[in-house]
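Participant: These protein sequence lines map, in sequence, to chains B and C.
Residues 1 to 315 (this note's numbering) are what the first sequence spells out, left to right.
Residues 1 to 280 (this note's numbering) are what the second sequence spells out, left to right.
Treat each hint with caution, since some may be false.
Derived contacts from chain B toward chain C, CB cut-off under 8 Å, selection only [stated by the list, open to error]: (1) P37; (2) Y38; (3) L40; (4) V41; (5) V155; (6) I163; (7) G164; (8) A202; (9) S205; (10) I246; (11) G278; (12) Q280; (13) F282; (14) N283; (15) F310.
The calculated BS3-like cross-link candidates involving lysine-lysine, where the alpha carbons are at most 30 Å apart (straight line), are [said to hold, decoys possible]: (16) K223/C with K307/B; (17) K169/C with K260/B; (18) K260/B with K162/B; (19) K267/C with K169/C; (20) K260/B with K267/C.
Note that these hints are calculated values from the structure, not bench results.
A virtual CB, placed ideally from N, CA and C, is assigned to each residue, including glycine.
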Amino acid sequence: MAVLDQTGGVARAAPDRARPREKALRRRSSALRRAFPYLLVAPAVIYLLGITLYPGAYAIYQSFYLVRFTEWIPVGFDNYVELWSDSEFWQALLNTLIIGGIALALECVIAMALAFFAYRDALIRVWRIVFLMPMLFMPSAVAFVWKLAFNDGRVISDLLRKIGLIDGNLDFLGNVWLARSTLIVADLWQWTPFLFIIFVAALQSQDQEVEEAARLDGASWPAIFWNVSLPMIRPVIAVAVVLRGIDITTMFTNVFILTKGTPGGTTETISYFIYRQGFQTFNFGYASAAAVVMLVVTILAAQLVVKRAFRSGKA
Amino acid sequence: MEKRRKSKGDNLVLRYLVLGSWALFCLVPILWFLSIGFRPRTEIITPEPIYWPTFSLDAWRLLLADWPIFDYLRNSVVAVTGSVVIDLILGIPAAYSLTRYEYRGRDDIGFYILSTRMMAPAIVAIPIFFLFRNMGLLDSVWALMLIYAAVNLSIVVWIIRSYMLDIPKELEDAARTDGAGDLRILWEIIIPACLPGIITASVIAAIFAINEFLFTLLIASTKSAYTMSVALANFTGGSDGVIYNAIALVSFLAFLPILVLIVLIQKHLSRGLTMGAVKG
Numbered sequence: 001m002a003v004l005d006q007t008g009g010v011a012r013a014a015p016d017r018a019r020p021r022e023k024a025l026r027r028r029s030s031a032l033r034r035a036f037p038y039l040l041v042a043p044a045v046i047y048l049l050g051i052t053l054y055p056g057a058y059a060i061y062q063s064f065y066l067v068r069f070t071e072w073i074p075v076g077f078d079n080y081v082e083l084w085s086d087s088e089f090w091q092a093l094l095n096t097l098i099i100g101g102i103a104l105a106l107e108c109v110i111a112m113a114l115a116f117f118a119y120r121d122a123l124i125r126v127w128r129i130v131f132l133m134p135m136l137f138m139p140s141a142v143a144f145v146w147k148l149a150f151n152d153g154r155v156i157s158d159l160l161r162k163i164g165l166i167d168g169n170l171d172f173l174g175n176v177w178l179a180r181s182t183l184i185v186a187d188l189w190q191w192t193p194f195l196f197i198i199f200v201a202a203l204q205s206q207d208q209e210v211e212e213a214a215r216l217d218g219a220s221w222p223a224i225f226w227n228v229s230l231p232m233i234r235p236v237i238a239v240a241v242v243l244r245g246i247d248i249t250t251m252f253t254n255v256f257i258l259t260k261g262t263p264g265g266t267t268e269t270i271s272y273f274i275y276r277q278g279f280q281t282f283n284f285g286y287a288s289a290a291a292v293v294m295l296v297v298t299i300l301a302a303q304l305v306v307k308r309a310f311r312s313g314k315a
Numbered sequence: 001m002e003k004r005r006k007s008k009g010d011n012l013v014l015r016y017l018v019l020g021s022w023a024l025f026c027l028v029p030i031l032w033f034l035s036i037g038f039r040p041r042t043e044i045i046t047p048e049p050i051y052w053p054t055f056s057l058d059a060w061r062l063l064l065a066d067w068p069i070f071d072y073l074r075n076s077v078v079a080v081t082g083s084v085v086i087d088l089i090l091g092i093p094a095a096y097s098l099t100r101y102e103y104r105g106r107d108d109i110g111f112y113i114l115s116t117r118m119m120a121p122a123i124v125a126i127p128i129f130f131l132f133r134n135m136g137l138l139d140s141v142w143a144l145m146l147i148y149a150a151v152n153l154s155i156v157v158w159i160i161r162s163y164m165l166d167i168p169k170e171l172e173d174a175a176r177t178d179g180a181g182d183l184r185i186l187w188e189i190i191i192p193a194c195l196p197g198i199i200t201a202s203v204i205a206a207i208f209a210i211n212e213f214l215f216t217l218l219i220a221s222t223k224s225a226y227t228m229s230v231a232l233a234n235f236t237g238g239s240d241g242v243i244y245n246a247i248a249l250v251s252f253l254a255f256l257p258i259l260v261l262i263v264l265i266q267k268h269l270s271r272g273l274t275m276g277a278v279k280g
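Could you build the full structure based on these sequences and the hints that come with them?
Facilitator: Set out below in structure tokens:
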């Protein structure tokens, strides 16, 4: 809102007839100068308010209604009460945390291990471009790659059978943890490079002399990495993990194409829950209530985590 | 440059074993999926997977004959390009304002812009759907353009801002003493000086826009707005199930230009992905 007040200041600084014209002009131009930075940033802010403030307000408003096609029936807090006792909602929340948490943890560990081995390697350019490739496919295409490999084409089952781990076929959609692991593998395959690229860049751009000094003192590389390099790039790790964490909690495409929440809703993420309530059962008011809950969590997370990560990341 | 000497704890066998296996894990599914694009439909979903298929151009024929693939391509290109242009028009002045001026509320505005990146598409999906429906913009490329621009604006602002922070203040001061106004300085000095940042931001915004799925799924419903990303999900032949060879082919058609773009900005990639927080 400060934006609007300040731009309003331009109009108020009308030339005063009693004073010499030059002075009035100067005064107007100083008001303009003060408003200028706000004028530059205002279009972007207004545009973004259009996609955050307006939809946010709309969702809050809609969450107090029962929406039946064009008819809106006010129901007070009913949607929220229902949400509170809806086991599917809690299940979706839990699934998002379980699937996202496991995938994020694995991605961090793998990306860090790969970065540790790769960043001083002579072939780093090759590793970087090879590891990057999965990230360059459209997420919907990646979902189909794994849908074919796990379910429709039974390739994973066949490979596991060939090395003698199983007999018969695994039903990756029929078992809770198998279904969850397809989502985890698909996410891991596509997005580990995101963290890898950032970690390697951070490791390469740090002060090499510190590592060198530690090495001359006779420390081994794993020890140097753990005690010297990692602490130095900690702010970068924080930013990368926060960004990946945000994206992982909004996981939708893989669920939509790979599992559709089966079996029994154990792979349904919160984004898919909102989508299903809104666009499959057309229960828009209820879906909006879930969206509002997610919005509150997002705002809290942004204030607590993101602000801190980005402030230290700039150091 | 002097070569690094081998030192304690540097196990080359282990190193190449780890890096090599991950490289295989990355490449094998890609190559296998490429092979899907060049096999007949009868050799895709089979009781036993077929690893050495017969070569076939079925998918090409299918794409060109049965699917309006050029419409999807055109929609993707128009919506993505348009959204990047909108982002640059809105984002460059905003980034300039956030870097070059001191004013009340500046950091809060900057953080607000950043925080829109945290918004899950699902939170705003329903209101956005109703908004576009009321504007009569459902199933329209223009709606996609507007929404992609909004989704990526925070990224564009923050990446460009990070590059603008690197421009020495003296460059600007010199121009100012020559009597250049703020807008001229932005146009003639700042923009050329942070061109790598602008290109990086554009490429990353374009890739995210190409990949966007949820909003496109809700807004597009026919070939007049389907993009490549969402069209894939509809490559099903009714009772025959998913048409994987066509999907594979389309995903490689989208992959190649993205690969070229990424190789172009390779040096700036980590900085772009972290919205400027990492200067690598």
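Participant: Hint check: K223/C vs K307/B, CA-CA at most 30 Å. Holds or violated?
Facilitator: Outside the cut-off at roughly 41 Å; violated.
Participant: Closer than 8 Å between Cβ atoms is the bar; does Y38/B clear it against chain C? Give me holds or violated.
Facilitator: It holds, given that the least Cβ distance between Y38/B and chain C is near 7 Å, below 8 Å.
Participant: Does G164/B hold up as a contact with chain C if the rule is Cβ-Cβ below 8 Å?
Facilitator: violated, 16 Å
Participant: Given A202/B as an interface hint, is the shortest Cβ-Cβ distance to chain C below 8 Å?
Facilitator: With Cβ-Cβ at 6 Å, under 8 Å, it holds.
Participant: Classify the hint on L40/B as holds or violated, based on whether any CB of chain C lies nearer than 8 Å to its CB.
Facilitator: holds, 4 Å
Participant: Given V41/B as an interface hint, is the shortest Cβ-Cβ distance to chain C below 8 Å?
Facilitator: holds, 4 Å
Participant: Would you mind confirming whether the straight-line C-alpha gap from K260/B to K162/B stays at or under 30 Å?
Facilitator: holds, 29 Å
Participant: Have a go at the F310/B hint: is there a Cβ in chain C nearer than 8 Å to its own Cβ?
Facilitator: Since the shortest Cβ distance to chain C is 6 Å, the answer is holds.
Participant: Should the interface hint for N283/B be scored as holding, given a Cβ-Cβ cut-off of 8 Å against chain C?
Facilitator: For N283/B, the interface hint is violated, since the closest Cβ of chain C sits about 10 Å away, which is over 8 Å.
Participant: Given a cut of 8 Å on the nearest C-beta pair, is the interface hint for P37/B held or broken against chain C?
Facilitator: holds, 4 Å
Participant: Does the closest beta carbon of chain C sit nearer than 8 Å to the beta carbon of G278/B?
Facilitator: Hint holds; G278/B Cβ to chain C Cβ min 5 Å, cut 8 Å.
Participant: Against chain C, with CB atoms and a cut of 8 Å, does the hint on V155/B hold up?
Facilitator: Result: holds, 5 Å to nearest chain C Cβ.
Checked against the numbered hints above, the structure breaks hints 6, 7, 12, 13, 14, 16, 17 and 20 and satisfies the rest.
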